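S.K.: Same order as they appear, the protein sequences are chains A and B. Be aware that the first sequence starts at 1, since it is given in UniProt numbering, and climbs by one per residue. Be aware that the second sequence starts at 1, since it is given in UniProt numbering, and climbs by one per residue.
Just so you know, these hints were derived from the structure itself, not from any lab. Since the structure is predicted, the reported quantities are computational estimates derived from the model, not experimental observations. Accuracy of the hints is not assured; some may be wrong.
To be verified - Stretch by stretch, here's where chain B covers chain A in the computed footprint (C-beta under 8 angstroms, at least three residues):
{"#": "1", "segment": "71-77"}
{"#": "2", "segment": "83-93"}
Claimed, not checked - Heads up, incomplete: computed chain B residues facing chain A, CB under 8 angstroms, no partners named:
{"#": "3", "residue": "ASP181"}
{"#": "4", "residue": "VAL182"}
{"#": "5", "residue": "GLU184"}
{"#": "6", "residue": "ALA185"}
{"#": "7", "residue": "THR187"}
{"#": "8", "residue": "LEU188"}
{"#": "9", "residue": "ASP189"}
{"#": "10", "residue": "LYS190"}
{"#": "11", "residue": "ARG195"}
{"#": "12", "residue": "ILE200"}
{"#": "13", "residue": "PRO203"}
{"#": "14", "residue": "LEU204"}
What the hints assert, rightly or not - Between beta-carbon pairs, the in silico distance windows are:
{"#": "15", "chain 1": "B", "residue 1": "LEU93", "chain 2": "A", "residue 2": "ASN103", "range": "23 to 31 angstroms"}
{"#": "16", "chain 1": "B", "residue 1": "ILE99", "chain 2": "A", "residue 2": "ARG101", "range": "37 to 45 angstroms"}
{"#": "17", "chain 1": "A", "residue 1": "THR115", "chain 2": "B", "residue 2": "LEU93", "range": "37 to 45 angstroms"}
{"#": "18", "chain 1": "B", "residue 1": "ALA8", "chain 2": "A", "residue 2": "THR115", "range": "55 to 63 angstroms"}
{"#": "19", "chain 1": "A", "residue 1": "ASP304", "chain 2": "B", "residue 2": "TYR15", "range": "54 to 62 angstroms"}
Backbone N, C-alpha and C fix where the C-beta goes; we use that ideal spot for every residue, glycine too.
Here is what each chain is made of, one letter per residue.
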Amino acid sequence: MSGVTLSNVQKRFGAVEVIHGVDLTVDDGEFVVFVGPSGCGKSTLLRMIAGLEDISGGEISIGGTTVNDVEPADRGIAMVFQSYALYPHMTVEQNLSFGLRMNGKPRDDIARRVTKAASILQIEPLLARRPKQLSGGQRQRVAIGRAIVREPDVFLFDEPLSNLDAELRVQMRVEIARLHKELGTTMIYVTHDQTEAMTLADKIVVLRDGRVEQVGAPLDLYDDPANRFVAGFVGSPRMNFMAAKVVDTTPGSVTIETDNHGSARLTLPVRQAFQTGDAVTLGIRPEHFGGPDGDGTRLTVNVDVAEHLGATSFVYANMATGEQLIIEREQSRSEMGKTELTITIPPARAYLFDSAGDRIR
Amino acid sequence: MRATTRTAYGFLTPYLLIFAAFWVWPIIYSFYLSFLSTRVQPWTFNPTFNWGRLIIDPAFFNAFKNTMIILVIQVPVMIALATLLAVLLNSHLLKARGIMRFAFFAPVVVGEVAYAAVFRLMFQADFGVINKLLALVGVAPISWSSNPTAAMALIITAVTWRWVGYNAIIILSGLQSIPEDVYEAATLDKVSKTRQFFFITLPLLRPIILVCVVLSVIGTMQLFAEPFLITNRGGPGGATETLGLFLYRQGFTVLNFGYASAVAYTIAAIAIVISVINFWLGRDPK
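All chains should be built: construct the whole structure from the sequences, respecting the hints.
M.R.: Take a look at the structure:
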């Protein structure tokens, strides 16, 4: 068993609390991604699991053993750093074997581990080179190799792809996914890139200001976000939000009116009770708008900019209230050059949030 | 020449004139002087006069030996101390780091005469604080100015005190350029702090330590103020006379400019040779 459990884990820097009692269970062999905007505490949380940061409260256990007071090297973890953190004066082979040599591992064991890691990552031709003679992607492979040779119970990745260009990032993302499949080891991965989170994770942990906003499988988070923050963070381009107010309520449903042209109305099924006049936020993903003949409430918007990507287009449109909408359109060549666009909001695809940002169900 | 270039040279001219008159010309002229017999007027061209004397002059070899002793003991000790000091000054555990860094750098900005006077007082045989402290641990008074070995130790101590902070600050800048996460990676690799120092810090500091060694070698080859001021012009009996002091004595006491010039060129040549050896030994192994 090499799962990781966090119970009420807290971190304070002086009087400032940056992690507010996080509870989390990472199952054995699971690929968990911590995602959130800059400063949300995701890297701090990872470093606390690694033991590079002390914890101010709570308990961390790895493989069923509490590791609060265990040295980083004895926690059975290996970490891949954002900046690779390779030893610049050592060759790739020396980088991979340094920790093992320092800990007196037998030579043949070291050679076996290095060869295996180099073969998994296809870096055999690079073993005699120094880090400065490698490209960014190659350095990242070496950094991952250095983690592999430790044969850890848990891999920790701290934004490992953020220093790579877009193409390499996609390539390395696939390799990390393959690595997880091949090794079957528990992996915890930190990123601010929701695409990485969606594509890699078995389970995503969305963090904001040191608190867990939601934990779930990628598509569960996409389909069923717990609040406006998660709804806006998961999915690309991000979900559109429109200010609206309740104009009619019946048991089991609510009718809202947006402030857009002609006050578009929409009736949605909800269990929660509302008062007429309550302020709410309507959310809809760019890809869920319907065409002019679709079901649901019609809206006519002014096109600001349209990006045509071939198969799909992203239309940036302004509403009368000044809010901007992003609309994804497929088969949209006939709409090129239009200044106005009529779209529909299908009620089944619409999300409702209260003024505190919580999801209304 | 383009107008902008002309303007630039126009502004540089006053400096270049001074540079040429007081740097370039003396360097060239002293090389010429080293081939002249300058003991009697008029000076005559005699290439073997100074250079021939140099290779057999016991006074020159005494100064050369003294300089080498100082170099071989003082430079490694000082660089080792400076490296340790830099690590301490870089420590997060140290309070008032800014003040501490300035305090260790301060000896460089103190005037040579002032610091020499303080050292003479501290190491005075009868009432100096050093002998008093040694007496507390049962060591008999040391005659720092009349015992040749003690005088040499005094010079080495003084030079080390003066320059260790300066070198520590240079090495500190090198330490600060080593990313913190390299140490974190080593911590995760279960490498102790001591081994991190020897296997990560020292190899990464090598280029900067090499620069410090070469600068120190050049400085030691020119060493003058300390033996002149602290041990009474290289005393006792020439035991602390360095090449710099020997050059001064030949040039400005005896007024034998030709021989002084030959000594000057020899000092420069030795410094270059030692520096090249240092760079060669400290090169990046491929």
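S.K.: All hints, please: hold or fail.
M.R.: Status of each hint after checking the structure:
1. 71-77: Three-residue rule met by the segment 71-77 of chain A, so holds; n is 5.
2. 83-93: Per the Cβ count (6), the hint holds.
3. ASP181: It holds, given that the least Cβ distance between ASP181(B) and chain A is near 4 angstroms, below 8 angstroms.
4. VAL182: holds (5 angstroms)
5. GLU184: holds (5 angstroms)
6. ALA185: holds (4 angstroms)
7. THR187: Since chain A brings a Cβ to about 5 angstroms from THR187(B), closer than 8 angstroms, the hint holds.
8. LEU188: Holds, because the Cβ-Cβ distance from LEU188(B) to chain A comes to roughly 5 angstroms (cut-off 8 angstroms).
9. ASP189: holds (3 angstroms)
10. LYS190: holds (3 angstroms)
11. ARG195: holds (6 angstroms)
12. ILE200: Holds, because the Cβ-Cβ distance from ILE200(B) to chain A comes to roughly 6 angstroms (cut-off 8 angstroms).
13. PRO203: holds (4 angstroms)
14. LEU204: holds (6 angstroms)
15. LEU93(B) <-> ASN103(A): 23 to 31 angstroms: holds (26 angstroms)
16. ILE99(B) <-> ARG101(A): 37 to 45 angstroms: Taking Cβ atoms as reference, ILE99(B) and ARG101(A) lie about 41 angstroms apart, which means the hint holds.
17. THR115(A) <-> LEU93(B): 37 to 45 angstroms: Once the Cβ atoms are compared, 41 angstroms apart, the range 37 to 45 angstroms for LEU93(B) and THR115(A) holds.
18. ALA8(B) <-> THR115(A): 55 to 63 angstroms: The hint (55 to 63 angstroms, Cβ to Cβ) holds, given that ALA8(B) and THR115(A) are roughly 60 angstroms apart.
19. ASP304(A) <-> TYR15(B): 54 to 62 angstroms: Given range 54 to 62 angstroms: holds, Cβ gap about 60 angstroms.
The earlier numbered hints are all upheld by this structure, with none contradicted.
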